[in-house]
Amino acid sequence: MTDAIVCRHLSKSYSGVLALDDFSLAAPTGQVLGLVGPSGSGKTTALRLIAGFERPDHGSVSVAGETVVDSATFVPPERRRVGMVFQDFALFPHMTVGGNVAYGLSKDGGRRERVAGALAMVGLSGMEKRMPHELSGGEQQRVALARALVPAPAVVLLDEPFSNLDAPQRERVRREVRGILVEARATAIFVTHDQEEALAVSDVLAVMRDGRVLQTATPHDLYRKPSDRWVARFLGEGEFVAGTVTGGVVDTPLGRFPVETQLSGPVEVLIRPEHVRLTEDAGGAALVVEREFYGHDQLVTLHIDGGRRLLARAGPDTIFNPGDHARYEITEVVVFEAASHQPPATSKSN
Amino acid sequence: MTSTPAPAPAETPLAAAPPIEIRRPRPRTRAPWWLWVPALIALLPTLVPFGFLIGRVFGKGTAATRVVLSSRTAHLVWNTSLLIVLVVATTAVVGVAAAWLTERTDIPGRRIWRVVVALPLVIPSYVIALAILSATGPRGLLTETLGLGIPSLIGLPGAWLALTLATYPFVYLTTATALRRMDPAHEEAARGLGASQGRVFRTIVVPQLRPSLGAGLLLVALYSLSDFGAVSLMRFDSFTRVVYAQYAGRLDRTPAAVLAVLLVLLALVIVWAERATRGRAAYHWRPVSRPARIARLGGGGRVAALLGLASLAVISLGVPIGTLIGWLGRGTGAGRPFPWGAVAGSVAGSLLAAGLVALLALPTAVLVTRHASRRTAWVEKAAYTVFALPHITVGLAVVFFSARYLGSFYQSLTVLVLVYGSIFFAQALGAARSSLLQVSPSVEEASRSLGAGPIKTMLRVTAPMVRRGLVAGGLLVFLTTMKELPVTLLLRPTGFDTLAVGIWSAADSFLYSRAAGPALLLIAVSAVPMYLLATRER
Chain A
0 MTDAIVCRHL SKSYSGVLAL DDFSLAAPTG QVLGLVGPSG SGKTTALRLI AGFERPDHGS
60 VSVAGETVVD SATFVPPERR RVGMVFQDFA LFPHMTVGGN VAYGLSKDGG RRERVAGALA
120 MVGLSGMEKR MPHELSGGEQ QRVALARALV PAPAVVLLDE PFSNLDAPQR ERVRREVRGI
180 LVEARATAIF VTHDQEEALA VSDVLAVMRD GRVLQTATPH DLYRKPSDRW VARFLGEGEF
240 VAGTVTGGVV DTPLGRFPVE TQLSGPVEVL IRPEHVRLTE DAGGAALVVE REFYGHDQLV
300 TLHIDGGRRL LARAGPDTIF NPGDHARYEI TEVVVFEAAS HQPPATSKSN
Chain B
0 MTSTPAPAPA ETPLAAAPPI EIRRPRPRTR APWWLWVPAL IALLPTLVPF GFLIGRVFGK
60 GTAATRVVLS SRTAHLVWNT SLLIVLVVAT TAVVGVAAAW LTERTDIPGR RIWRVVVALP
120 LVIPSYVIAL AILSATGPRG LLTETLGLGI PSLIGLPGAW LALTLATYPF VYLTTATALR
180 RMDPAHEEAA RGLGASQGRV FRTIVVPQLR PSLGAGLLLV ALYSLSDFGA VSLMRFDSFT
240 RVVYAQYAGR LDRTPAAVLA VLLVLLALVI VWAERATRGR AAYHWRPVSR PARIARLGGG
300 GRVAALLGLA SLAVISLGVP IGTLIGWLGR GTGAGRPFPW GAVAGSVAGS LLAAGLVALL
360 ALPTAVLVTR HASRRTAWVE KAAYTVFALP HITVGLAVVF FSARYLGSFY QSLTVLVLVY
420 GSIFFAQALG AARSSLLQVS PSVEEASRSL GAGPIKTMLR VTAPMVRRGL VAGGLLVFLT
480 TMKELPVTLL LRPTGFDTLA VGIWSAADSF LYSRAAGPAL LLIAVSAVPM YLLATRER
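Residue numbers (numbering that gives the first Met the number 0), protein chains in the order written: chain A, 0 to 349; chain B, 0 to 537.
Errors might be hidden in some of the hints.
Under the rule of at most 25 angstroms between Cα atoms (straight-line distance), these lysine to any residue pairs were calculated in the SDA-like manner [stated by the list, open to error]:
1) B:Lys455 <-> A:Ala183
2) A:Lys128 <-> B:Ala247
3) A:Lys128 <-> A:His93
4) A:Lys128 <-> A:Ala183
5) B:Lys455 <-> A:Glu77
6) A:Lys106 <-> A:Gln86
7) B:Lys455 <-> A:Ser105
8) A:Lys128 <-> A:Gly98
9) A:Lys128 <-> B:Ala451
10) A:Lys128 <-> B:Pro463
11) A:Lys224 <-> A:Gly314
12) B:Lys455 <-> A:Glu331
13) A:Lys106 <-> B:Leu458
14) B:Lys59 <-> B:Ala247
15) A:Lys106 <-> B:Lys455
16) A:Lys224 <-> A:Asp193
17) B:Lys455 <-> A:Arg290
For the record, the hints were derived by calculation from the structure and aren't laboratory data.
Kindly produce the complete structure, drawing on both the sequences and the hints.
This is how it looks when you write it as structure tokens:
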């Protein structure tokens with residue numbers, strides 16, 4: 000498998016502030032790559048450098064094997080074969096839907112058919128004559144996607160594509176967009192600050208912080224095997240305890256657990272709430288201090304061993320109320336090198 | 000999946016969708032070099048001659064110093080300052096009172112009054128001066144027809160009155176806008192904290208009004224300083240009139256040049272004075288959803304308010320227009336053919352200027368918004384500086400410069416139109432810029448990423464989206480060019496006539512009946528773009 004986009008050592012600063020710092024990334028052809036990080040981590044800057052709206056200070060970008068920018072080259076955006084879907088969709092308000100989608104096609108024959116085909120692909124057949132403002136947000140989103148896909152670009156970039164939709168339609172549009180991208184076998188890079196969205200939509204996910212990529216992996220691997228404490232905290236909740244690894248087993252104040260790791264000696268141990276199994280038991284060792292009920296599940300904050308905090312995720316059927324006692328069992332843990340220099344990050348950045 | 004022809008009810012259209020999250024300002028990219036060319040075409044025709052004029056004045060050394068230090072110059076400064084102070088004070092009172100009445104009271108016919116009060120904006124100062132001159136005095140129309148023995152207002156009183164009538168709409172418009180946009184929540188908060196109505200007005204309304212009032216009065220002061228038509232017809236020796244007289248009547252042009260530069264310095268002093276008196280508070284306009292509280296006038300108050308606005312309308316509109324109509328059918332000019340040549344000249348010059356400016360404004364607006372930097376900020380500053388320069392100074396500078404360097408090009412229509420375009424460029428740039436700011440740059444980037452180059456993007460995407468702004472700017476330039484007097488007077492090619500020049504020269508020779516027809520026509524023509532601009536805003 001080749002890479003549709005390769006960024007090497009990109010850096011970019013705005014009036015002295017470093018937005019991208021030695022940013023390297025490869026987007027595999029035919030897959031959806033998610034770029035996730037808190038606001039200000041440089042995600043959008045990376046997209047804009049790939050699209051050619053800005054020049055990097057250092058580094059290079061190649062699209063489908065061809066260098067579009069390095070210290071000697073600068074291919075303008077209109078010749079990069081990079082499609083873009085903007086956060087505000089950026090439909091041309093003075094053109095019809097058909098006019099918008101046809102904009103990137105050359106004037107030779109078959110234009111009408113290709114527009115119709117693209118609209119059919121996004122589920123908007125026969126909407127050519129509509130004006131953008133007559134469409135709902137989700138429909139505008141799909142027009143923007145059709146417009147970006149129809150010239151068959153080497154890659155489509157999506158900048159926070161779902162943030163402009165309100166909550167009820169966001170998840171549905173998210174699924175639709177993923178479906179369209181997969182069906183079109185398009186290579187896509189999409190940027191988001193929403194961890195859940197990133198995990199749900201991407202084939203491959205790159206986590207960014209302070210202008211750098213910290214880790215690139217499948218969503219599953221990232222969640223299960225984060226490379227450091229910060230990535231772990233960014234992608235989900237959990238509690239850290241200190242531990243010591245000896246021969247494939249980590250020893251913690253909460254018990255001994257088998258781990259797959261090269262590390263040995265003192266480590267930090269992450270316990271995800273999903274890996275804490277909770278059972279009703281009035282004589283249990285854990286005291287429920289807080290509970291957030293989400294419908295499909297509930298997040299329970301526990302105090303164990305006289306004050307140590309532990310988070311547990313439980314199904315919706317048994318309700319755990321503050322003050323209740325319960326029995327807990329830890330099924331799995333993740334270990335990291337001890338004494339991480341990074342301060343524990345706050346998780347959600349919404 | 001199948002398409003739904005009508006948006007499903009759960010899906011909100013974009014207009015109702017939550018606003019886009021505000022991000023850090025989008026980093027700007029450097030502009031391609033060719034985007035600077037239109038800006039230079041627009042600005043250099045005045046900036047270069049102006050620089051030349053300054054160089055010339057400084058080159059004259061002692062001769063220039065002598066002019067500056069002469070008692071005649073001191074007298075001029077006194078005259079001009081006196082006129083400005085009088086006009087500023089009067090327009091402040093008239094403008095604020097009218098704005099308060101039409102925005103914050105229940106005076107009957109508010110909507111109509113709002114139009115009527117702003118309407119004198121379409122009458123150029125020299126037409127108002129012409130009307131005042133031909134209405135008053137022993138031979139004036141008011142004396143003859145109504146038997147009112149109004150003394151002639153020639154001189155300071157006439158200039159004061161003419162400029163007040165011509166400029167109070169500036170104060171009215173800025174103040175009325177501020178009153179309308181003021182968030183009633185501030186006043187309600189003050190009332191809630193126990194402040195009386197009077198205290199609310201003093202401590203909440205007036206301070207919030209200050210920036211707008213200051214802006215309006217700044218316009219009035221600069222207008223009064225640089226107006227040529229009214230003061231020259233009124234034979235009042237303020238700066239502009241004397242500059243022109245020095246230029247027209249003397250072989251030695253140094254005094255005219257020195258005084259023209261001095262005039263600009265006075266303008267700088269005025270701008271500085273306004274800056275210095277500005278407060279430190281920042282006022283932000285937010286969209287106001289609720290209208291402000293309306294004060295109820297009692298019966299007596301209502302009558303007084305109506306009488307006040309009515310007499311303002313009579314003096315600023317009724318008397319001038321009535322007088323001009325009255326002179327139409329009279330004696331001296333009756334048998335003469337109507338000056339159609341002047342009409343053609345006015346329309347042609349204004350159309351060319353408006354078209355040129357609209358053409359240059361689009362790329363320049365792209366330059367200053369999409370590629371904003373410290374350097375492009377200078378383009379805007381330069382445009383507004385040129386706009387504020389007294390026209391008599393610009394005209395003289397171009398005359399001196401082109402007589403020296405341009406040879407046969409001097410006094411050609413090309414030069415005239417270029418200078419028109421230059422001095423009014425800021426109007427079109429402002430309009431284009433503000434409509435461009437409402438267009439998200441991502442729309443242009445979308446066009447780029449779909450394979451369109453920068454020029455195609457500008458023509459196919461940017462231009463259609465800012466069309467309204469460009470047309471509005473063009474109309475504004477058309478309107479102001481129609482009324483322009485001093486630059487036309489100094490730079491017009493031989494045989495090229497405009498309504499403005501025709502009116503002024505007839506009035507200057509007391510041929511009122513000859514001036515009346517063109518003056519009415521000019522008012523009518525100016526009213527058309529004004530009407531379009533006003534209706535567009537709704």
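Worksheet entry | Hinted pair A:Lys106 and B:Lys455, Cα distance within 25 angstroms | Distance ~14 angstroms between A:Lys106 and B:Lys455 Cα, so the pair holds.
Discussion item. Holds or violated: A:Lys106 and B:Leu458, Cα atoms, limit 25 angstroms.
Written reply: holds, 17 angstroms
Fill in: B:Lys59 paired with B:Ala247 [C-alpha distance capped at 25 angstroms]
holds, 20 angstroms
Worksheet item: Within 25 angstroms, alpha carbon to alpha carbon, are B:Lys455 and A:Ala183?
Response: violated, 29 angstroms
Worksheet entry | 25 angstroms Cα cutoff - pair B:Lys455, A:Ser105 | holds, 13 angstroms
Worksheet item: Within a Cα-Cα threshold of 25 angstroms, do A:Lys128 and B:Ala451 meet the stated pairing?
Response: Roughly 22 angstroms separates the two Cα atoms, so the pair holds.
Worksheet item: Straight-line Cα separation of A:Lys128 and A:Gly98 no greater than 25 angstroms?
Response: holds, 8 angstroms
Fill in: 25 angstroms Cα cutoff - pair A:Lys224, A:Asp193
Within the cut-off at roughly 19 angstroms; holds.
Worksheet item: B:Lys455 and A:Arg290: Cα distance at most 25 angstroms?
Response: With a Cα-Cα distance of about 58 angstroms, the restraint between B:Lys455 and A:Arg290 is violated, given a limit of 25 angstroms.
Item to complete: Decide if the proposed pair is consistent with the structure: B:Lys455 and A:Glu77, CA atoms, cutoff 25 angstroms inclusive.
Response: Given pair B:Lys455, A:Glu77 holds - Cα atoms ~11 angstroms apart, limit 25 angstroms.
Worksheet item: Between A:Lys128 and B:Ala247, does the CA-CA distance stay at or below 25 angstroms?
Response: Violated, because 64 angstroms separates the two Cα atoms, which is more than 25 angstroms.
Worksheet item: Is it true that the CA of A:Lys128 sits at most 25 angstroms from the CA of A:Ala183?
Response: holds, 24 angstroms
In summary, the numbered hints that this structure violates are 1, 2, 6, 12, 17.
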